[in-house]
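A.B. asks: First to last, the protein sequences are chains A and B.
21 is the number that this note's numbering gives to position 21 of the first sequence; each next residue is one higher, with no gaps.
Whatever position you read off the second sequence (first residue = 1), add 207 for this note's numbering.
Nothing false has been slipped in among the hints.
Below, computed lysine-lysine pairings styled on DSSO-like, alpha-carbon distance capped at 30 Å:
(1) Lys592(B) to Lys447(B)
(2) Lys380(B) to Lys464(B)
(3) Lys349(B) to Lys167(A)
(4) Lys443(B) to Lys592(B)
(5) Lys464(B) to Lys167(A)
(6) Lys142(A) to Lys69(A)
(7) Lys592(B) to Lys112(A)
(8) Lys142(A) to Lys196(A)
(9) Lys69(A) to Lys196(A)
(10) Lys380(B) to Lys167(A)
(11) Lys592(B) to Lys167(A)
(12) Lys167(A) to Lys112(A)
If you anchor each label on the Cβ, the simulated ranges turn out as follows:
(13) Lys592(B) to Lys142(A): 51 to 61 Å
(14) Leu150(A) to Thr340(B): 56 to 66 Å
(15) Lys592(B) to Leu184(A): 36 to 46 Å
(16) Gly178(A) to Gln580(B): 43 to 53 Å
(17) Gln580(B) to Gly177(A): 44 to 54 Å
(18) Gly177(A) to Gly565(B): 34 to 44 Å
What the simulated footprint calls covered on chain B by chain A, stretch by stretch (three residues with Cβ under 8 Å from a Cβ of chain A suffice, anywhere in the stretch; the number is not a length):
(19) 358-364
(20) 553-559
(21) 563-569
These are computed hints drawn from the structure, not numbers from a lab.
Ideal placement from N, C-alpha and C gives every residue a C-beta, glycine not left out.
Read off the chains here:
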Amino acid sequence: MSNRQIIIIRIVIHIAALLPLVVLIWDFTQGNLTANPIREVQLRTGASALNLLMLSLACTPINILTGFKPVLVLRRPLGIYAFIYALLHFINYIGIDYNFNFAFLREDLFEKRYAIVGFASFLLLLPLAITSFKRLRERLGKNWMRLHWLVYLAATLAVVHNIWQTKADFRLPYIYGGVLVILLVIRLRVVRNFAKRHFRWLNRIPP
Amino acid sequence: MRSNRLYFLSNSHCYPLTSTETVFDNGNKGFDGKLTMAHLERRSHLKRSSLSDNPDRLPGDEITPERLYVSRRKFIVGMGAVAATAFLAACAGKTPDITTTSPDIPTTSPDIPTTSPDITTASPEFCDGTITTGTADELGDKLTACDDVTSYNNFYEFSYGKENIADLSRNFKTSPWMVTVGGLVSNPGSFSVEELIERYQPEERIYRMRCVEGWSMVIPWNGFSLSRLLGDVQPKPEAKFVRFESFYDPEQMPGDKSLPFPYFEGLRLDEAMHDLAILSTGIYGKPLPPQDGAPIRLVVPWKYGFKSAKSILNIDLTAEMPPTFWPTLIPEEYGFYANVNPDVDHPRWSQSSERRIGELQRRSTPMFNGYDQVAALYEGMDLTKFY
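Given only the sequences and the hints, what does the whole structure look like? Please build it.
C.D. replies: In structure tokens form, the structure reads like this:
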């Protein structure tokens with residue numbers, strides 16, 4: 001895998017991550033956001049945040065299973081994009097949907113479990129996004145790693161948030177849950193060691 | 208025929224229909240009357256019956272703007288929402304013994320043309336040339352755009368989506384269509400939608416429709432009070448509830464087959480007899496498009512939209528409270544009454560506010576969706592318990 005290929009992959013990732021936003025803006029200008037556009041924005045930004053968070057969490061397992069190391073550099077951009085969509089999701093919710101009307105907001109944000117876990121997930125992602133700048137990362141040293149373990153909790157809460165806000169069709173929300181479990185399980189030491197012995201076929205391909 | 212269905216929720220309880228009588232049950236086999244769209248269109252959906260016909264009329268159905276209570280009470284912005292509605296339903300109850308042939312009620316026989324598409328087509332042009340006499344509800348809330356009412360729908364028989372229902376239901380066959388009324392009545396019968404329109408002369412009712420999901424619309428229905436039909440079939444003294452069953456045909460309806468369709472709903476008899484509760488056959492002066500519940504549906508404006516079952520085939524009067532769709536699937540979240548109530552939250556989200564489709568700001572949700580005149584039905588009841 002050459003540097004050039006990695007650069008191409010990075011470019012693809014940036015384009016793919018920005019695409020939902022571009023499509024959203026396009027659909028907005030075209031009036032294609034259903035009769036309830038605020039809700040549509042909420043659903044789409046939430047879905048993008050969740051997808052990107054999952055992809056970011058998929059990098060390490062891909063490395064474990066295949067030994068393909070360059071994939072690890074994608075964790076940061078994917079994570080940051082996930083945060084950006086989560087931020088849009090949050091702003092759309094409190095600012096546009098509820099128009100900062102705290103009388104209405106209070107009932108959801110502090111009392112309803114789906115909103116509480118969603119809010120918590122967002123709050124957890126916030127410091128991770130802030131500390132993803134190189135300089136801060138270096139300054140934090142080992143603590144950076146510890147801090148960023150929070151992403152597992154944030155992702156879990158995001159998946160639960162998705163399940164709890166669902167009214168009827170739980171298939172997709174449960175699939176997200178299943179995928180998350182798989183991505184976390186692969187990180188376990190046992191699985192890692194097993195994979196190292198049996199799977200890392202990429203490593204065995206001569207350069 | 209509908210027995211071995213999979214349910215993803217364990218405690219849903221369904222009985223297969225035992226209907227031998229359901230000639231019209233699954234695709235209208237055996238009925239040879241044919242109707243054209245032109246035929247439907249000819250029938251005026253707008254004739255208003257004179258108020259003197261029915262001294263009990265409540266203000267809710269007098270919708271001309273002049274009659275509006277203009278100053279809206281602060282808490283009242285009602286919202287009604289529609290859409291949520293539609294799930295049709297199914298299981299539950301045994302089918303009552305109904306004589307389906309020859310209704311005893313005198314009817315004018317509809318003139319039935321013979322050739323025709325048999326299909327209600329929701330073309331994009333549906334909203335061209337709509338006819339409404341009012342432009343707002345009795346609180347002064349403006350009608351929701353026809354395009355929104357016909358493009359943002361809940362109709363799980365077709366899909367979990369909202370925007371794709373219009374498209375998926377485009378070829379839904381709604382004619383011929385017979386509604387069977389039976390159970391604990393002295394005068395059961397089956398009626399074609401045309402007969403019902405002919406006999407009861409739908410009038411315009413502008414209602415707020417409030418979806419349990421937290422959004423609402425203001426819709427000009429063309430319909431008639433359910434009480435008139437129920438009066439004609441003469442409920443027996445022991446009848447206490449009314450059960451509604453919607454149409455279901457998996458061939459025409461590509462939605463999730465694991466749900467216990469056909470959709471089933473219910474009302475207490477006194478609720479069903481309230482003048483505000485209507486059977487609707489049209490919106491905006493035109494026959495209902497499929498996505499909005501063609502050809503005939505229930506509309507109960509003070510309850511969450513899912514109570515207003517779409518595409519109704521059977522209406523049965525019962526002595527016991529009939530099981531209803533959502534409480535059967537998720538009993539801890541949905542109840543039989545499902546009255547719009549800002550103080551009783553859905554367990555997972557708040558019901559105190561809502562978004563009126565087409566508006567940016569949220570509104571407060573009023574009790575009974577702003578239809579205070581139904582409050583007497585629930586006097587002495589703890590509505591947090593009977594949600």
